[in-house]
Amino acid sequence: MKKNSLNNIENGFKVPKGYFDEFEDRLLSELQLKETASYTGFKLPAGYFESLDNKILNAVKNDNKTKVINLFSFRKLAYTAAVAASLILIYTVSFNKYENLNINHLETASIENYILTEGLEPSDIASLFSDDDLSEITSVKNNLSSESLENYVLENIDIDQLMTNNN
Amino acid sequence: MILEAELVEKLKSDTNIDSAFKELVSLYKERLYWHIRNIVKSHDDADDVLQNTFIKVYKNIGSFKGESKLFSWMYRIATNEAITFINKNAKRLQITSEETQTIAINNLASDVYFEGEAIQLKLQKALATLPQKQQLVFNMKYFEDLKFKEMSDILETSEGALKASYHIAVKKIQDYLTNN
Numbered sequence: 001m002k003k004n005s006l007n008n009i010e011n012g013f014k015v016p017k018g019y020f021d022e023f024e025d026r027l028l029s030e031l032q033l034k035e036t037a038s039y040t041g042f043k044l045p046a047g048y049f050e051s052l053d054n055k056i057l058n059a060v061k062n063d064n065k066t067k068v069i070n071l072f073s074f075r076k077l078a079y080t081a082a083v084a085a086s087l088i089l090i091y092t093v094s095f096n097k098y099e100n101l102n103i104n105h106l107e108t109a110s111i112e113n114y115i116l117t118e119g120l121e122p123s124d125i126a127s128l129f130s131d132d133d134l135s136e137i138t139s140v141k142n143n144l145s146s147e148s149l150e151n152y153v154l155e156n157i158d159i160d161q162l163m164t165n166n167n
Numbered sequence: 001m002i003l004e005a006e007l008v009e010k011l012k013s014d015t016n017i018d019s020a021f022k023e024l025v026s027l028y029k030e031r032l033y034w035h036i037r038n039i040v041k042s043h044d045d046a047d048d049v050l051q052n053t054f055i056k057v058y059k060n061i062g063s064f065k066g067e068s069k070l071f072s073w074m075y076r077i078a079t080n081e082a083i084t085f086i087n088k089n090a091k092r093l094q095i096t097s098e099e100t101q102t103i104a105i106n107n108l109a110s111d112v113y114f115e116g117e118a119i120q121l122k123l124q125k126a127l128a129t130l131p132q133k134q135q136l137v138f139n140m141k142y143f144e145d146l147k148f149k150e151m152s153d154i155l156e157t158s159e160g161a162l163k164a165s166y167h168i169a170v171k172k173i174q175d176y177l178t179n180n
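As you go down the protein sequences, you meet chains A and B in turn. In case it helps, our numbering puts the first sequence at residues 1 to 167. In case it helps, our numbering puts the second sequence at residues 1 to 180.
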């Protein structure tokens, strides 16, 4: 009776849902893994760390020197580029006046290459869509099983952030 | 050992920067090296990325505001440099960064600086099946023995989320090792 009443006292501390159910599982899986393989197997050339300090200091100094030279040639380059850009501008304005360029003039391969090499983020692409387009995309019916949804949420979503957003 | 605040102050001064930077390199070179090596896998690549990391640190120390610890700030630069390195390689070869990683792991078998047995190679393969963030979390906890608090400062993610990622990573790796 006494034990029961003690158990019923609320101390205000809470643990995440399922914490105790999964405790052994979590602890054991890490221990078991460490028993199987606890190191990476990566090795170093002999004396690597001893000679590393000088190597790094030299790299830093060389980088600083190159920077000075770069700055000088950058100015030259800027002048040349400015002249070239003006010539191109004059050419385009005077010769391409009547040509209407649109997305259809671009080859699909060029667009693909651009996306590949310019490091476009999903957010960049999303910013090209209007709200209506986006809600049309997101409202498409899908047949995802609740299991895959749960896995997705567990692996990709920062649960803490989600909770903060809901507050 | 010199205090971090003192070191930062020296690094920002014009007169003491060289000696302070030397000290910084000898303090952090090994930890940062292993952190980078775990991401890029090959010794030569880790060596390149480590040098770039220190060059960035040297150039940007003036803008280090001390909001985070010097330690977390440098780890963050090292992580970014290593990931940028993988992505650049992937772009150059016109493949995905996951494929670059698979190539790096396949090269390990014949790498003179890899002395792992079959199980270490398998562990690397298992690790490569995880999303990048989970790989980072796993490496930092399992091999580099960082605390969740430190990882939270470096990766700017809450400790709770990192713990969850780590346990998922351990479980997935174990499943991979059992099934393959």
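It cannot be assumed that every hint is accurate.
Stated by the list, open to error - Lysine-lysine pairs mimicking BS3-like chemistry, simulated, CA-CA at most 27 Å apart: (1) A/Lys43 x B/Lys122; (2) B/Lys133 x A/Lys34; (3) B/Lys69 x B/Lys125; (4) B/Lys171 x A/Lys17; (5) A/Lys43 x B/Lys65.
Calculated from the structure, these hints are not laboratory results.
Exercise. Has the given pair, lysine 133 of chain B with lysine 34 of chain A, been kept, meaning a C-alpha gap of at most 27 Å?
Worked result: Holds, at about 21 Å.
Exercise. Is the straight-line distance between the alpha-carbon of lysine 171 of chain B and that of lysine 17 of chain A 27 Å or less?
Worked result: Given that 27 Å is the threshold and the Cα spacing comes to 19 Å, the pair holds.
Exercise. Are the Cα positions of lysine 69 of chain B and lysine 125 of chain B separated by 27 Å at most?
Worked result: 33 Å, violated
Problem set entry | Pair hint outcome, lysine 43 of chain A versus lysine 65 of chain B [Cα-Cα no greater than 27 Å] | 36 Å, violated
Exercise. Is the straight-line distance between the alpha-carbon of lysine 43 of chain A and that of lysine 122 of chain B 27 Å or less?
Worked result: 17 Å, holds
Hint check: violations occur at hints 3, 5; the rest are consistent with the structure.
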